[in-house]
Amino acid sequence: MSGRHRIEFQWRGRDGRTETVCAKDEELILDAAERAGIGLPFGCRTGACATCTGRLLEGKVEHIRLPRGLKSEFEQDGYVLLCIARARADCRIEVGSDVQTDLVTNPWK
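Using my numbering, the first residue of the sequence shown is number 245, and each one after it goes up by one.
It is worth saying that the hints were derived from the structure and are not from the lab. Each residue gets a CB set at the ideal place from its N, CA and C atoms; glycine is no exception. It is possible that part of the hints are untrue.
Said to hold, decoys possible - Quick list of the computed label-pair ranges, beta carbon to beta carbon:
| # | residue 1 | residue 2 | range |
| --- | --- | --- | --- |
| 1 | 310 | 263 | 26 to 32 Å |
| 2 | 342 | 270 | 26 to 32 Å |
| 3 | 303 | 260 | 26 to 32 Å |
Unchecked claim - Here are the simulated DSBU-like pairs of lysine-lysine, each with C-alpha atoms no more than 30 Å apart in a straight line:
| # | residue 1 | residue 2 |
| --- | --- | --- |
| 4 | 304 | 315 |
| 5 | 268 | 304 |
| 6 | 268 | 315 |
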């Protein structure tokens, strides 16, 4: 597979802002966003911390290595780590710091 994939980022929240980039086939999704001047949260860039979590709404991505910061049940629910993920089709991905909080349980609730 070679070429480019259209990635639409959709922010959760009241404004529902969206931005779109075109990612090269071998380009990491976080890198494509940065190249386009789109600021997304990230931390380690190795797939260990889950700060860069997005939720795949449409399309297909693949992680270039095991996403250590993502439990398998979250991966099955469509969550991806954008720092180690490449698009394999056009995608729509929910992003922003609120998405990462889906993965954290609050013991005080």
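Hint by hint, here is what the structure shows:
{"no.": "1", "hint": "310 with 263: 26 to 32 Å", "in the structure": "29 Å, holds"}
{"no.": "2", "hint": "342 with 270: 26 to 32 Å", "in the structure": "29 Å, holds"}
{"no.": "3", "hint": "303 with 260: 26 to 32 Å", "in the structure": "19 Å, violated"}
{"no.": "4", "hint": "304 with 315", "in the structure": "18 Å, holds"}
{"no.": "5", "hint": "268 with 304", "in the structure": "14 Å, holds"}
{"no.": "6", "hint": "268 with 315", "in the structure": "27 Å, holds"}
In summary, the structure is inconsistent with hint 3 from the numbered list given earlier, while agreeing with all the others.
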